[in-house]
Amino acid sequence: MGVILSIALVYLITDMFNTYMNIYNFATFFMIFIIGVIVLTGTFIIVQKIKKRTINKGVIAKTIFISLVIMDIVLIVFGFAFYDYSTPRDVPFGKTYQNVYSMPSQLNDGWKVSSLIQEEMDTLVYNTVVNKLVNDRSYKRMHSILIIKNGKLVAEDYFYNYDKNTPHDLRSANKTITSILIGIAIDKGFIKDVNEKIYDMFPEYQSLIDWGKNKKIVSIKHLLTMNTGLDCNDWDSSSVGNENKLYKTNDWIKAFLELPYKEKSGSQFSYCTFGEMMLRAIIVKATGTSLQDFAKEYLFTPLNITNYKWTTVMPNREDIGIRVSLTSRDFAKLGQLYLDNGIWNKNQIVSKKWIEASVSNHTTTTEKRLGYPKYGFLWWKNYFDIKGKHVNGYQAQGNGGQLVFVFPDFDMIVVFTAGNYGNPRMINGFNILKEEILPSIINNNNIN
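With numbering that gives the first Met the number 0 as the guide, the letters of the sequence shown map in order to residues 0 to 447.
Mixed in with the good hints there might be a few duds.
[Unchecked claim] Dumping the calculated DSS-like pairs for lysine-lysine here, alpha-carbon to alpha-carbon at most 25 Å:
(1) Lys196 <-> Lys263
(2) Lys284 <-> Lys295
(3) Lys352 <-> Lys386
(4) Lys367 <-> Lys111
(5) Lys220 <-> Lys284
(6) Lys61 <-> Lys163
(7) Lys187 <-> Lys351
(8) Lys351 <-> Lys196
(9) Lys253 <-> Lys212
(10) Lys61 <-> Lys50
(11) Lys151 <-> Lys380
Keep in mind that the hints were calculated from the coordinates and are not lab data.
Let the hints inform the model, and build the full structure from the sequences given.
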């Protein structure tokens, strides 16, 4: 019974990442079961000895049986306590959800709305996608999907009690916002260009750090493309500059500047959150205002983004926000801004020159799961091979499945938000595009 319950717990309360994790989780649950039986049996026998009662094989067998039953009950209670009772949508027990497409609502948020049919997209395919997000357990915890075609919002669905008014944690998609803000700061003359050196921008640290000749050449561009050459890698727990280590320092700017110089700047991609945080510090230093106020004045207000929330700030720096939460509709505006060469509502928010530089290939990432995509200025450069066609695009992306895909060839943006933090399901947005949306688009387009 313990084996059966342990297997059931693996299925019901774990995410079943892969075979290794399944075996590991099963072994953990079963070990708890066995240890519990041993402890209960041993405790009972000790108590019997203290009371000087007779202990024979029958008593021991009965004790083991009772211990097994108790641990069975413990595992059952554990399963009920930790089972995820949340559902994407309210569906009667035993029923399969069937989506019926409806056109998005027209709101006063700057978006024009249209229908899938009017923009020559397939409602059947879209309904299939939504059905998958609701019915297929391997696609759980997807919180929203939006499609913008030809500058119009044509599809919008939410799950798990999220809606169009709910700001969502964007995680590392915030890095793309930083890229846009750097571009605006350069356009406005606060920063000269991407070749400015960190050494020159932080004179107060020049006498405190052993810069050597190598660190002095690290530039804004190196921070934007994540190839500073410093020992800073969030995907390597042993890296000195791993973000979980630097967050604990009192002076994180000094801690970052003190990182060992590991390889030639510009030669190797290394995913480094604190390098991107340095860009935020540069914006604050160059503009003389907080990052939050700068973003509000030059990006959020021009994009008619009002429903947002800064959830965290850097240690000892209230003027440097880390994470901003946006609604899915407002998240999509970042993609449309780039698709329209920096223009929103006839206003040039960031220059076309910056847009082009941002989404150019500057380096190759070490992200194996996504096929080692290229990288721009804090924008990911993925492509898809669909039906023999090479589909180019770029995206903002954050842990858990926060994604804004931009496809210039199709004049299309696809947005996903999700809660799959640290879970392989965070790439489900890629799977939906590759398996459903892009093949459907290609059927109605001729792309060379």
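Hint by hint, here is what the structure shows:
1. Lys196 <-> Lys263: Status holds; Cα separation ~15 Å.
2. Lys284 <-> Lys295: Status holds; Cα separation ~17 Å.
3. Lys352 <-> Lys386: Violated, at about 33 Å.
4. Lys367 <-> Lys111: Violated. Lys367 to Lys111 sits at ~38 Å, over the 25 Å cutoff.
5. Lys220 <-> Lys284: holds, 17 Å
6. Lys61 <-> Lys163: violated, 59 Å
7. Lys187 <-> Lys351: Between Lys187 and Lys351 the Cα gap is close to 14 Å, so the pair holds against 25 Å.
8. Lys351 <-> Lys196: holds, 24 Å
9. Lys253 <-> Lys212: holds, 17 Å
10. Lys61 <-> Lys50: holds, 18 Å
11. Lys151 <-> Lys380: holds, 23 Å
In this structure, the hints that do not hold are numbers 3, 4 and 6, in rising order.
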